[in-house]
Amino acid sequence: MAKEYAVEIRNLIKEFPSPFRRKKHRAVDQVSLTIEPGEVYGLIGPNGSGKSTTMKALLGLLAPTEGECFIYGRNSLKVDSRQNIGFLPENPYFYKHLSGEETLDFYGKLCGMRGKMLRNRVAELLELVSLTDAKDRQLGGYSKGMLQRIGLAQAMIQHPKLLVLDEPTAGVDPIGSRQIRDLILQLKQQGITVFLCSHLLEQVQDVCDKVGIIFQGKMIRDGRLDELISMKGQKELIMSGVSDELLERIEKMIADDPQAKLLQAGSPRTTLERLFLSEVEKATD
Amino acid sequence: MFTNYFFSSARIGIIAKHTFTQLSRMKVFYFLVAFALLIVGASFFEMPGGRIASDSAEQDLRMVKSTAMGAMSLFSVIFAIAATALLLPKDVEDRTLYTILCKPVPRIDYLLGKLLGVLALIFLSIALMDILLTGILYFRTESIISSELANAAAAGFSSEQVAYYESIIRQQGPTWDLQFGVLAIFLKAAVIASIALLVSSFSTSTLFTIAISVLVYFIGHFTADARDYWLYMMGDDFSMMSKWMSQLAVLIFPDFQLYNIIDHSIEGKNIPANVIGRLSLLTVFYCGIYSILAWFCFRKKEF
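Sequences listed follow chains D and L, in order. Numbered continuously in this note's numbering, the first sequence closes out at residue 285. Numbered continuously in this note's numbering, the second sequence closes out at residue 1303.
Hints in this document: simulated from the structure, not taken from any laboratory. All of these numbers come straight from a predicted model, not from anything done at the bench. All residues carry an ideal CB built from backbone N, CA and C; glycine is no exception. Possibly wrong hints are sitting among the right ones.
Pulled a few chain L residues facing chain D out of the computed Cβ check, cut under 10 Å [to be verified]:
#1 1093
#2 1105
#3 1106
Throw the hints in and build the complete structure from the sequences for me.
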């Protein structure tokens, strides 16, 4: 029996007509990828590289010029494949006149949820995205981070097995961004498959199991993150409580080995984001 | 959860309800205040010359009806075109359409939900205006009848003449024929809304949708002439080009002259129930055809 992937994109080509030109513009060129159930996959690439087009083809918002996209074995152009998908677009606006709770209620009803089941799910998701206190406020008064979080909640309303997130932290401050990243990790622990596009490489690195690098419409590299970013032929030791004498001895040992070479020694640095978050955390305590 | 992935009345109802709420928060009901002022103003208007002319009493009532129903027609057509033309591009612009179509929502359900939401709001607005019109017309009719009958009695008319005169005035008051006329206003708006939906399903510009819908609205008033030209013009002086053009016009455009019973109801003429029944069926047919065509254009549309 053939293996069922959460997402399978086979030789996807998408061309758009260019105005006043006979030749069409190829936005995505022979892209193939697979995501196994429960994996977090990050598609990274510069602006205009074909990330969003690939994502839209997967969601059935664009029809492939050639190739096919499958979600849990179902062609993504079929409506029934969408029962398994939750989607958060880049910079979503939603309906400003609805409150957070009404928004989730609306999307839940679209998926056929009703009554107590829907009410419980809405309450559960509001809690998950930390918006219970703001559930009665209209979305017009939500901050960007709150909109992203309510967007994530609407994407999850019908218990989808796959979440597709387009730039989930775009324009969100570091605290909101961290909350979204923590949510993605939480979802990963629950076994939900996540397919995300982002420019923020550090965040992709933090949450993804697999990544694909797309450039000028072509997938130039993809695979497991650990394998892709590990530098072959180099090893790293991070130690604490090391005396100067011990360090000297280690350096000497390396120098004595004809093949080994010490490339860098010093104190590891934190990132500016981690520093910011820890300082804010301290200030709020 | 829904298992029907093609057509679900429950899902259509949810989108329609939401569209209704969305539109009603755009402050369209302010128009009703303007309408109320207009109709109250018209009800105080009296034809020049007092009650000397024999038909001036009916003229006053006709004036109220004409003003009110003109405003209702204007509101319903403008609203049907503008609201329908705005809804789809707004959902695309705000990316809310993506989040809806990425749920298990067939595109036909989305389109019908939007259309029904617009129609529900037009229906409610027209119904509110109708209640106001009927109420004002009732009091105005009773007031005119009491004064006219007093004048007639003073002038020594016979009871048969007085009863006849009263029936003529009442025919201009709040009758079922008036309600049929109001219903025809709604039916006409439903057709023009479904045309705007069809245009917006392939158009990328709101302005284009509005312009084309208005054009179709005007052409629709000449469709009957094109049909007559097609059916009855024969002979050598009838070119093939003219024939094709008239055939095309009849097939593509709705015949809005059929909705002229609105004018009949303003004039106080009798409108048989079977006429309004047939007009309702024709409207369902027009809306159905235009909605199916809209779905054909929209089902493969890329975003």
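For each hint, the structure was consulted:
A cut of 10 Å between beta carbons decides the hint on residue 1093 of chain L: the least distance to chain D is about 8 Å, and the hint holds. About 6 Å separates the beta-carbon of residue 1105 of chain L from the nearest beta-carbon of chain D, less than 10 Å, and the hint is met. Here the hint on residue 1106 of chain L is kept, as its CB sits about 5 Å from the closest CB of chain D, short of 10 Å.
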